[in-house]
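Take the sequences, apply the hints, and build the full model.
Line by line, the protein sequences give chains A and B. Position 24 of the first sequence, counting from 1, maps to 24 under our numbering, and the rest follow consecutively. Position 207 of the second sequence, counting from 1, maps to 207 under our numbering, and the rest follow consecutively.
None of these hints come from the bench; they were simulated from the model. Hints may contain errors.
[Stated by the list, open to error] Covered stretches of chain B, going by a simulated chain A footprint (3 or more residues, C-beta under 8 Å):
no.	region
1	24 to 32
2	140 to 146
3	193 to 205
[Unchecked claim] Pairs of lysine to any residue residues, derived as SDA-like cross-links and limited to a Cα-Cα distance of at most 20 Å, are as follows:
no.	chain 1	residue 1	chain 2	residue 2
4	A	267	B	53
5	A	267	B	286
6	B	213	A	264
7	B	51	B	251
8	A	293	B	153
9	B	213	B	14
10	B	213	A	271
11	A	175	A	206
12	B	151	A	268
13	B	213	A	265
14	B	213	A	268
15	A	267	B	253
16	A	267	B	211
17	A	267	B	212
18	A	146	B	52
19	B	322	B	337
20	A	267	B	217
21	B	151	A	271
22	B	213	A	269
23	B	51	A	146
24	A	267	B	207
25	A	173	A	149
26	B	213	B	73
27	B	213	A	149
28	A	173	A	71
29	B	213	A	270
30	A	267	B	256
Beta carbons are placed, not taken as given, at the ideal position from N, Cα and C, and that holds for glycine.
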Amino acid sequence: MTEALVSVRDLRVLFRTGERTVHAVNGVDLSLAQGEVLGLLGESGSGKSVTLRALLRLLPPKRTTISGTISVAGNDVVAMDEAAARDYRGGVVSMIFQEPMLAFDPVFTIGEQIAEAVVRHENVDRAAGRARALEMLDRVRIPSPKRRLDAYPHEMSGGMRQRAMIALALACKPKLLLADEPTTALDATVQIQILLLLRELQREMGMGVIFVTHDMGVAVEVSDRIAVMYAGRIVESGAVRDVIRNPSHPYTRGLLSSTVHGSMRGKRLEAIPGAPPNLATAPTDCAFAPRCKWVADACRAGVPDLAPVAPGHVAACVRLGAAARA
Amino acid sequence: MLKPAEDRGGPAQPLLTVRNLVKHFPVRGGVLGRTTAVVQAVDGVDFDVAKGETLGIVGESGCGKSTTARLLIRLIEPDAGEVLFDGQALGEVDGGLTLSELRRQTQMVFQDSFASLNPRLTIEDTIAFGPKVHGLADKDARARARDLLGKVGLNPDLFGRRYPHELSGGQRQRVNIARALALAPRLVLLDESVSALDKSVEAQVLNLLQDLKAEFGLTYVFISHDLNVVRYMSDRVMVMYLGRVAEIGPVEELYANPRHPYTRALLSAMPSMDPDRRTQEAPIAGDPPNPINPPSGCRFHTRCPFAEDVCGKAVPALTATKADPAHRVACHMIDAASGHSKAGSLA
Numbered sequence: 001m002t003e004a005l006v007s008v009r010d011l012r013v014l015f016r017t018g019e020r021t022v023h024a025v026n027g028v029d030l031s032l033a034q035g036e037v038l039g040l041l042g043e044s045g046s047g048k049s050v051t052l053r054a055l056l057r058l059l060p061p062k063r064t065t066i067s068g069t070i071s072v073a074g075n076d077v078v079a080m081d082e083a084a085a086r087d088y089r090g091g092v093v094s095m096i097f098q099e100p101m102l103a104f105d106p107v108f109t110i111g112e113q114i115a116e117a118v119v120r121h122e123n124v125d126r127a128a129g130r131a132r133a134l135e136m137l138d139r140v141r142i143p144s145p146k147r148r149l150d151a152y153p154h155e156m157s158g159g160m161r162q163r164a165m166i167a168l169a170l171a172c173k174p175k176l177l178l179a180d181e182p183t184t185a186l187d188a189t190v191q192i193q194i195l196l197l198l199r200e201l202q203r204e205m206g207m208g209v210i211f212v213t214h215d216m217g218v219a220v221e222v223s224d225r226i227a228v229m230y231a232g233r234i235v236e237s238g239a240v241r242d243v244i245r246n247p248s249h250p251y252t253r254g255l256l257s258s259t260v261h262g263s264m265r266g267k268r269l270e271a272i273p274g275a276p277p278n279l280a281t282a283p284t285d286c287a288f289a290p291r292c293k294w295v296a297d298a299c300r301a302g303v304p305d306l307a308p309v310a311p312g313h314v315a316a317c318v319r320l321g322a323a324a325r326a
Numbered sequence: 001m002l003k004p005a006e007d008r009g010g011p012a013q014p015l016l017t018v019r020n021l022v023k024h025f026p027v028r029g030g031v032l033g034r035t036t037a038v039v040q041a042v043d044g045v046d047f048d049v050a051k052g053e054t055l056g057i058v059g060e061s062g063c064g065k066s067t068t069a070r071l072l073i074r075l076i077e078p079d080a081g082e083v084l085f086d087g088q089a090l091g092e093v094d095g096g097l098t099l100s101e102l103r104r105q106t107q108m109v110f111q112d113s114f115a116s117l118n119p120r121l122t123i124e125d126t127i128a129f130g131p132k133v134h135g136l137a138d139k140d141a142r143a144r145a146r147d148l149l150g151k152v153g154l155n156p157d158l159f160g161r162r163y164p165h166e167l168s169g170g171q172r173q174r175v176n177i178a179r180a181l182a183l184a185p186r187l188v189l190l191d192e193s194v195s196a197l198d199k200s201v202e203a204q205v206l207n208l209l210q211d212l213k214a215e216f217g218l219t220y221v222f223i224s225h226d227l228n229v230v231r232y233m234s235d236r237v238m239v240m241y242l243g244r245v246a247e248i249g250p251v252e253e254l255y256a257n258p259r260h261p262y263t264r265a266l267l268s269a270m271p272s273m274d275p276d277r278r279t280q281e282a283p284i285a286g287d288p289p290n291p292i293n294p295p296s297g298c299r300f301h302t303r304c305p306f307a308e309d310v311c312g313k314a315v316p317a318l319t320a321t322k323a324d325p326a327h328r329v330a331c332h333m334i335d336a337a338s339g340h341s342k343a344g345s346l347a
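So, in structure tokens, the structure goes:
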């Protein structure tokens, strides 16, 4: 077996601001093979974006306590110094965000910003950087790329800016692309174009992708595997087909049944009651127990570990049998 | 006690009749602040909303769906057109509707649950505020607020004295719904009201909206960019594109047999929930055009795979399909006499 591209073991992230403490990530294990796409699915506050930012070493060191190990293409991400982190970001790993306007510097042209990244990471001259920028804009199918090279971010439409950000992220051919809800702010007809583009570029470049989203449909469109997060932990993961057709954790089941799709008119939605926990303290038992209809004493005994449901499909629930029989 | 206003025209009269509604926003620029361009946000929109139905409005950003809602409740003044509420126009000399009466009978729930609540008022004060302005005694207004809190699933003893920042997004949106109902309205405009909520909470609020509609006999205009949610909530759906109606019809008919090329593109752009049937090709390329200086003729012709000369020249009228007179489409391929080579093929 080839070595995994990404290997995260027992990742915990704690934020401290003033008197508030948030246990955002509470023991995440995940691994990703080269060329694999993982959809990280969860609601707001589930820790999916924080996990992604930890992988890129983007969390503010002053307010954050990180424990556990993160290894990406042989780099020890938690231990590396700032200089190494600068080589790592953009070279080995890149990220695309929900709001491209914030990812670009408004006073430089798109072409300058892509060229700058290439010059910084590959030690080539500006002409070569600019040539790469042009090649990338062409690859993300921006019409008349030569002209767009000299455009400022605000001169582009939302969909075009998102394409330009993908061009910037992929300019140095990273091994791993982190995508944080990159299509959430886009219109429906534009979202599908960007999803298809990402799928195609991922295949061509053979990179690994971790795609964070709250939208089940989007996760199904792009992922090979899905990991569902709740209260800072992965509660279920497996191949897309297995997770969607045979959701095993009660939270995943609830998420699927409360997501409106197809013709469900006149039927009452099976909503999950209550709201996610606030995470001021680290969970000591199953964090979903207060909202779960199969809750039992065993659920309060400790934090459940991921247990196999089927080959390659795991879920963290002590009552797996009870939920499956329902 | 506030009671819903009397029904005037009976069930056959639409609660809302909208004719040729127009709103253009000037874009000012330069040192003198002169009008340099015009955003044609809503440009000749016609529709009715029957009593007790839910009309869904869908479309992408800039299509005019939110502007339409704001025009209906007169948060902004239309440039032209007519809005009749149960047959009455606003401010008619003889027996017309006053603005305060219109706003009592029409209420709105917005997307941003935090921005739409006053941070300095407790939840109970917020809900009691409207009834007091409309003449209810403090004690009665508070009783009404507490009653409504219970109706939206928030225990008044637990939540009444809290402030907006002490609630979650889903709870705040329940408060906004309770406030909207405090004046016993007949029409509620829901503008992306569940879009900011997580899926598990969204389902709770959708169930609540359905329950309240049945209990109070409400009529909804439900605006959303989420086609799945609109299909679930609506009786009829109106698809807007750049300030105009592209297609309108009964929900299942429109989703099963979409006629307008834009509606078809919009529906096939929905992510698939089936891993074995992923989307293979984007239905249309490019972004929606800027509503400043929109395309001539049919506004969709710049992105339409069937566009011909006539589409850039003439504006297609909303025309009923043969199968269902309530299903109307603004496309030259519907109208047999339009001069399009596929004219009549969609009818």
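To see whether the hints hold, each was checked on the structure:
1. Closer than 8 Å: that is the beta-carbon criterion, and the region 24 to 32 of chain B has 0 residues meeting it against chain A, so the requirement of 3 is violated.
2. For a cut-off of 8 Å, the count of residues in the region 140 to 146 of chain B with a CB near a CB of chain A stands at 0, and the three-residue condition is violated.
3. Judged by the Cβ-Cβ criterion of 8 Å, the region 193 to 205 of chain B is covered by chain A as claimed, because 7 of its residues qualify and three suffice.
4. Proximity of residue 267 (chain A) to residue 53 (chain B) is assessed by CA-CA distance (about 17 Å); at most 20 Å being required, the pair is judged to hold.
5. Among the hinted pairs, residue 267 (chain A) with residue 286 (chain B) is inconsistent with the structure: their alpha-carbon atoms are about 36 Å apart, more than 20 Å.
6. At roughly 18 Å between alpha-carbon atoms, residue 213 (chain B) and residue 264 (chain A) fall within 20 Å of each other, so this suggested pair holds.
7. Restraint check: the Cα-Cα separation between residue 51 (chain B) and residue 251 (chain B) comes to about 16 Å, which is no more than 20 Å; the hinted pair holds.
8. Taking the CA atoms of residue 293 (chain A) and residue 153 (chain B), the gap is near 19 Å; set against the 20 Å cutoff, the hint holds.
9. A C-alpha spacing of about 17 Å is found between residue 213 (chain B) and residue 14 (chain B), which places the hinted pair at or below 20 Å, so the restraint holds.
10. Of the supplied pair hints, the one linking residue 213 (chain B) and residue 271 (chain A) holds, its CA atoms being roughly 18 Å apart against a limit of 20 Å.
11. With a C-alpha separation of about 8 Å, the suggested pairing of residue 175 (chain A) with residue 206 (chain A) holds against the 20 Å cut-off.
12. With a C-alpha separation of about 18 Å, the suggested pairing of residue 151 (chain B) with residue 268 (chain A) holds against the 20 Å cut-off.
13. Note on residue 213 (chain B) and residue 265 (chain A): the hinted pairing holds, with a Cα-Cα distance of about 15 Å set against a maximum of 20 Å.
14. In summary, the hint linking residue 213 (chain B) to residue 268 (chain A) is supported, as the alpha carbons are separated by about 14 Å, within the 20 Å threshold.
15. Note on residue 267 (chain A) and residue 253 (chain B): the hinted pairing holds, with a Cα-Cα distance of about 18 Å set against a maximum of 20 Å.
16. For the hint linking residue 267 (chain A) to residue 211 (chain B), the alpha-carbon distance of about 12 Å falls within 20 Å, and the restraint holds.
17. For the hint linking residue 267 (chain A) to residue 212 (chain B), the alpha-carbon distance of about 15 Å falls within 20 Å, and the restraint holds.
18. This hinted pair does not check out: residue 146 (chain A) and residue 52 (chain B) have alpha carbons roughly 55 Å apart, beyond 20 Å.
19. Annotation: proposed proximity of residue 322 (chain B) to residue 337 (chain B) holds, straight-line Cα distance about 15 Å (limit 20 Å).
20. Distance hint between residue 267 (chain A) and residue 217 (chain B) is fulfilled; the C-alpha atoms sit about 19 Å from each other, no more than 20 Å.
21. Taken as a hint, the residue 151 (chain B) and residue 271 (chain A) pair is honoured in the structure, with Cα atoms around 17 Å apart against an allowance of 20 Å.
22. The straight-line distance between the Cα atoms of residue 213 (chain B) and residue 269 (chain A) is roughly 16 Å, inside the 20 Å bound, and the hint therefore holds.
23. Note on residue 51 (chain B) and residue 146 (chain A): the hinted pairing is violated, with a Cα-Cα distance of about 55 Å set against a maximum of 20 Å.
24. Proximity of residue 267 (chain A) to residue 207 (chain B) is assessed by CA-CA distance (about 10 Å); at most 20 Å being required, the pair is judged to hold.
25. Between residue 173 (chain A) and residue 149 (chain A) the alpha-carbon distance is near 19 Å, which keeps this suggested pair within the 20 Å criterion.
26. A C-alpha spacing of about 19 Å is found between residue 213 (chain B) and residue 73 (chain B), which places the hinted pair at or below 20 Å, so the restraint holds.
27. Proposed proximity of residue 213 (chain B) and residue 149 (chain A) is contradicted: the alpha carbons are some 53 Å apart, above 20 Å.
28. The hinted pair formed by residue 173 (chain A) and residue 71 (chain A) meets the criterion: a straight-line CA distance of about 19 Å does not exceed 20 Å.
29. Restraint check for residue 213 (chain B) and residue 270 (chain A): the C-alpha separation of about 18 Å stays at or below 20 Å, so the hint holds.
30. Restraint check for residue 267 (chain A) and residue 256 (chain B): satisfied, since their Cα atoms lie roughly 18 Å apart, inside the 20 Å limit.
Checked against the numbered hints given earlier, this structure breaks hints 1, 2, 5, 18, 23, 27; the rest are met.
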